[in-house]
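Once you've looked at the hints, dock chains B, C and D with the ligands against the given chain A.
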Amino acid sequence: MAELILNRQFFVNVIKDMAELVEKEKDHLTKLDSDIGDGDHGVNLSIGFRETMKQLELINSQAPDISSFLKKVGMILLGKVGGSSGPLYGGFFIKAGADVQGKDEVTFEELIGMIENGVNSILQRGKAQVGDKTMVDAFVPGLNVLKDSTDLKPIERFAAFVEQMKKGAESTIPLVAKKGRAMRLGERSVGHKDPGAESSWMLMEVILNNLKKIVGE
Amino acid sequence: MAELILNRQFFVNVIKDMAELVEKEKDHLTKLDSDIGDGDHGVNLSIGFRETMKQLELINSQAPDISSFLKKVGMILLGKVGGSSGPLYGGFFIKAGADVQGKDEVTFEELIGMIENGVNSILQRGKAQVGDKTMVDAFVPGLNVLKDSTDLKPIERFAAFVEQMKKGAESTIPLVAKKGRAMRLGERSVGHKDPGAESSWMLMEVILNNLKKIVGE
Amino acid sequence: MKKIINHPERVVTEMLEGLVAAYPNQLKLIDGRAVVTRKDVPVANKVGIISGGGSGHEPAHAGYVGQGMLDAAVAGEVFTSPTPDQILEAIKAVDSGKGVFMVVKNYTGDVMNFDMAAELAEMEGIQVDKVVVNDDVAVEDSTFTTGRRGIAGTILVHKIAGAKAEMGATLADVKAVAEKVVKNVRSMGMAISPCTPPAVGKPSFTLGENEMEIGLGIHGEPGTKRKTLATADEIAEELTDHIFKDMPLSSGDEVAVMINGLGATPEMELFIVNRKVNQILKEKGIGVYETFVGNFMTSLEMAGCSVTLLKLDDELKDLLAAHANTPAFKK
Amino acid sequence: MKKIINHPERVVTEMLEGLVAAYPNQLKLIDGRAVVTRKDVPVANKVGIISGGGSGHEPAHAGYVGQGMLDAAVAGEVFTSPTPDQILEAIKAVDSGKGVFMVVKNYTGDVMNFDMAAELAEMEGIQVDKVVVNDDVAVEDSTFTTGRRGIAGTILVHKIAGAKAEMGATLADVKAVAEKVVKNVRSMGMAISPCTPPAVGKPSFTLGENEMEIGLGIHGEPGTKRKTLATADEIAEELTDHIFKDMPLSSGDEVAVMINGLGATPEMELFIVNRKVNQILKEKGIGVYETFVGNFMTSLEMAGCSVTLLKLDDELKDLLAAHANTPAFKK
Ligand SMILES: Nc1ncnc2c1ncn2[C@@H]1O[C@H](COP(=O)(O)OP(=O)(O)O)[C@@H](O)[C@H]1O
Ligand SMILES: Nc1ncnc2c1ncn2[C@@H]1O[C@H](COP(=O)(O)OP(=O)(O)O)[C@@H](O)[C@H]1O
Ligand SMILES: [Mg+2]
Ligand SMILES: [Mg+2]
Ligand SMILES: [Mg+2]
Ligand SMILES: [Mg+2]
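In order, the protein sequences belong to chains A, B, C and D.
The letter at position 81 of the first sequence is residue 81 when you use the UniProt record's numbering, and the numbering goes up by one with no holes.
The letter at position 69 of the second sequence is residue 69 when you use the UniProt record's numbering, and the numbering goes up by one with no holes.
The letter at position 15 of the third sequence is residue 15 when you use the UniProt record's numbering, and the numbering goes up by one with no holes.
The letter at position 78 of the fourth sequence is residue 78 when you use the UniProt record's numbering, and the numbering goes up by one with no holes.
Next up, chain A with everything else stripped away, as it sits in the complex (with noise of 0.2 angstroms):
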C-alpha cells in the first residue's frame, strides 16, 4: 500500500464536515453545557464554522499552504467561537498547521504530528489536566493511543484514537469539574458529560471519516 498522503483539499474537506456536524449537534452540545455551564457550546461553534464557512472559498484560494490555510481556520475560529471553546479550539488549528509551512500535502505521519502539536496548544492555553472534565479528558488518552498504536494501520490507527477520545468523553461524566465554567457548580457537575469532551471526538471522527474516504473503505 502506497503512503497515506493527504493534499490541500482533504483538509478543506474536513473543515466543510465538521461545519455540518456542528449544525447537527449544535442542540445536543447547547444542551449538554446547559446542563453544567452556560448552555451556549454548540451555539459557540456554530458562529464559529458558519463564519468559517462563509470565508472558506476565499481563504482556500488565498493561502499559499496548509498551514496558512488551517491558521486562518483557526482565526476565524478565535475571533467569531468566543468564551473558552474559541481559544481553544482556534489555538488548535492554528497551531496544528505550524509545523507543516510551505507544504501542500502532508503525510499520515505528519497529520498525527499535527494533532499532537494541536492538543499541546489546548494543554498550554487551557492548563487543565486529565480529571478536570474538559475537552482535555478527551484528547490526552486519545493522543496516547495514537502515538503509541504504530503497529496498527492508519485508518485502525486513527479509529482507536477516536474510539479512545469517544471513552474519554464518556470518562467526565462522573466527574467533578475543576476548570471552566462547570467548576462552579461543584459537586453538581457530577452526573453531566462535559460538552467540550463530546465535540472534540465528534471533531476528530470528522477527520477519520475523510481519512476513510481517500483509502476508498
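For the chain D half of the interface with chain C, some residues (derived, Cβ under 7 angstroms), not all of them:
#1 Ile5
#2 Leu19
#3 Ala22
#4 Pro59
#5 Ile272
#6 Leu300
Here are the simulated lysine-lysine pairs, BS3-like style, with alpha carbons at most 30 angstroms apart:
#7 Lys317(C) - Lys330(D)
#8 Lys317(C) - Lys28(D)
#9 Lys227(C) - Lys178(B)
#10 Lys202(D) - Lys225(C)
#11 Lys80(B) - Lys39(C)
#12 Lys331(C) - Lys28(D)
#13 Lys202(D) - Lys202(C)
#14 Lys54(B) - Lys92(C)
#15 Lys245(C) - Lys175(C)
#16 Lys178(B) - Lys225(C)
#17 Lys103(A) - Lys92(D)
#18 Lys80(A) - Lys127(A)
#19 Lys311(C) - Lys28(D)
#20 Lys178(A) - Lys183(D)
#21 Lys127(B) - Lys225(C)
#22 Lys130(D) - Lys80(A)
#23 Lys178(A) - Lys225(D)
#24 Lys127(B) - Lys130(C)
#25 Lys317(C) - Lys39(D)
Which residues of chain D face chain A? A few of them, derived with a C-beta cut under 10 angstroms, are:
#26 Ser81
#27 Val111
#28 Met123
No lab work stands behind these hints, which were simulated from the structure alone.
Note that beta-carbon positions come from the ideal geometry of N, C-alpha and C, so glycine has one too.
Showing chains B, C and D with the ligands alone in chain A's frame:
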C-alpha cells in the same frame, strides 16, 4: 403716663418666654407642618430656642447692647433652626436689633421700628407676598395695623397688632400655597393653616404679654 | 434602606472626614462646621469662591475645592441647606481682602441662607457677591424653588468663575463672567429609579418597572412627566429638545457638553447618551468644544442622567481650558 | 431590567463611540474591533501598554487610555473576554518596535485570549510580554478563574507600568515593575445589591433587604459569605483584615489606598469607608502615601465597594506620582 421704656431685661424675658411657648406649642406647630409641609416646624423652633436658652446668660453678659444681644439670638436661631424658618426668624431678630446699636433701653416707638425692620428682613429674605400662604400673611397686615393705629395706647396698639396677625394666620387656611414646601401640594394645601403664620403671631403675643407685665396690667 | 454608612445622622460629618483624609495635602475641614476649604486659604490677592448646599450631591460641592475652582464648600445635611453661620465661617476663611463670591443653586433655602450669611459678612466688613444658578429648564417653580432649579450646570460655573478668580480678577469681574455662564447654560434631567435619603429611610418616589421620570430635580422632587422607559437615543433627543426650545442654538455655535450621572448610572449608559447628544449637535452644525461625562452632581443613588449645554464664547473657552486641580475635576 | 440603552447587543459599540466622541483629540476607535487607542499610537520609542477584558467595568479599561497609562484597551462584550483577533489588532496598533506589554486580569477567558493574541503577534515578529493581575484576596478559585481574580488593583498596575513605559523603559523593565505591583497589591470587595448584564436581563444574584455579600467578584459571581448588613466601619475592618492576613503590613510601611465603588454606590458612602480605612492604617502606624476614592473598576450598577492596598517603595511612589492624562485618571 410716662413714656414706655423697654430695657435689656425686657428682651431677655421675651426670649425666655418665647422659648417656653415654643416648647408648649411644639406639637401643635409640628402637626400643622405635617399637614402641608415636612412636619418639622415645631421641632425646628424648639431646637433653636433650646440652644438659645443654653447660651442666654452668656450672651446677655457679653452683649454690650440690645442690638448685639438680639443679633446673637438671631445667629443661634440661624444656625440651629435650619429649614426656611431658621433664616427667616434668625434674620428677624438680627435685623430687629440693627437700628438700636449702643442702646440698653428703647422706647415703644423704637420697638415698633424694630419689628418693622424684622418683618422687612423676612420679606426681603423670603420674597413671599401676602396670599402666598406663609408667615407673611400674618406679619404684613399685622404690621400695617401696628404702624397705623397711632391713636391707640401702646398696649392696645400692640394687642391690635397681634389680633390682626392671628386673623392673618386664619386667612391662610383657604389659600393655595405659593412659597415653601407646601407649594408642592398645590390645591391640596387648601383647608390647612400655615404653620409659620401660626407660630409668628404666637411669638408676637409673647412680646405683648411682656409689655403688659411692665405697665402692670 | 441599604447603605454603607454608620449612622444616618453622621453621614455628612463622616463623609467630609473621609474626604479630607483622602486629600490631606489639598483640603482641610473647619471643625464642627462642615466646611471644606483649600489648605492654603485665604489665597492672597484672589477673590474667594465658595459654594455649597445640601449634601447627597457628591462630588458637589466639596469635591470641587481646589486650585482653579472653589476655595471652600459648605455642606448642609442631606438635601438641606447649610445654615448662615456655617456659610459665614466659609466666607471668613477664604476672604483675602479681595472679596468673596458665592455660587448658589436656586433653591429657596439655599438662597435665603447664603444671602443671610452675606449680610452678616458685610456687617463684618467683607465684600460679598453672588450668582444664583438656575440651569434646569424642566420647571419654573418646584417644591424647593421659586423659578428654575440649579443642577449640573453649577459645576461649569464653579470651573469658570474659579478660573477667572485664579487669574486675579476683581469681584465684579468674577460676577460678570459667572452671570455670563448662567445666562448661557441649560440642563435637563431624567431618572429611572429614586434615591433614599439616609435620615428618611425610604425612597423619595416610586417608579414602575417600565417607567421613567422626565425633568425631575436632584432631591427626588417630582418631574414634569412620567413616561414609558424610552431608548437612550430617545431620551437624549427629549432632553436636548427641551434645552433647544429654551436656548436656541444655531449652526456655528460652540458648546460644552456635560452628561451627568445621578449616582447609580453605569458610565456605560452615560457614554451611550453622549453618543447620541454628540450626533444631534453635529447634525445641527453645533461645535462641541469639550465634553464632560461622569457623576458631577448626583442625587445619592438615583439612577438617571442630565444633559447640560453651555454656549461658549472665546472668554468662556479660555476659562474652561484653564488649569484646575480638585479631587473631582482636573484640567 | 431598567437601563438607559438602545439595545442590549449594541451597548459595547455605542459606549465606545460615545467615549471617543467625548475625547476626539485624545482617543480613537479601531472600527469594528472595539479597540480604543491613544490618538498618537504607536508612540515612538515607547513600550506599548495594552489592557482589556469584558465590558461592564467602566471606566476600565478604555477610560485609562492616554498619556502615562494605556496605549490601547480592548473591550469584550459585557463580562466576556475579548477575542485574540481584537487583542492582536491592539497589539499591532501600539507597537513602535519596542514591544508591547499586556496587563491581564486573572480570568481564564482573558488569560487564554490574551496569550493567544501574544503568540499570534510574536509570529508576526512583535515582542509581547504580560502580567496577570490577581489582587483579590477573597478566593483562590472562582467561576471565572484559576487562582485569584484581578479587580481594582489592576488600575494601579496600569498607572505604574504606564508611567514606567512613558519614561522609555524596556519591555523587561516594564514587566519587572508591573510584577512588583502585582506582588504588593491586594484588594477585597463587598456588595449590597447585584447588577443586571444587559443581554441577560435579570440580576446576577439576589440579596435580602438586610444582607450583604462579602468577597464577591466584579461579574456578580458569588462571594465568600453572605452576612447581615454591617456598618461602614465594620465593613472597612472586615475588608482590611482580610488584606492584612494575606499581606502583613507593619508600622512604617507606606501604602496607596484605593476605595473603589462598584457602580451604584454614592460617593458619600465611599468616603465614609475611607474615613475608617484611614483610621485603621494610622492606628497601625502605616503611612498613607496617596488615596484614590471613586468608581475605578465597576460592575455595571452593582452597589458595593472594594478596598485596595498597595505597599510602596520609592520606585513605586515616583511612578504613582508621574504625569498621567486619561479620561478617568489624571495626575
Ligand atoms: N481550561 C480549559 N482547558 C481545556 N478545556 C476547557 C477549559 N475551560 C473550558 N474548557 C472546555 O470548554 C468547554 C466549554 O466551551 P464553551 O461553552 O464554548 O465556552 P464557555 O464555557 O466560555 O461558555 C468545556 O466543556 C470544556 O471542555
Ligand atoms: N419664602 C418664604 N417667605 C416667608 N415665609 C416662608 C417662606 N418659605 C417658608 N416660609 C414659612 O416657613 C414655614 C415652614 O418652616 P419650617 O417647617 O421650619 O421650615 P421647612 O419648610 O424648611 O421645613 C412655613 O409654614 C412658612 O410660614
Ligand atoms: Mg459555555
Ligand atoms: Mg459562554
Ligand atoms: Mg417644615
Ligand atoms: Mg424641614
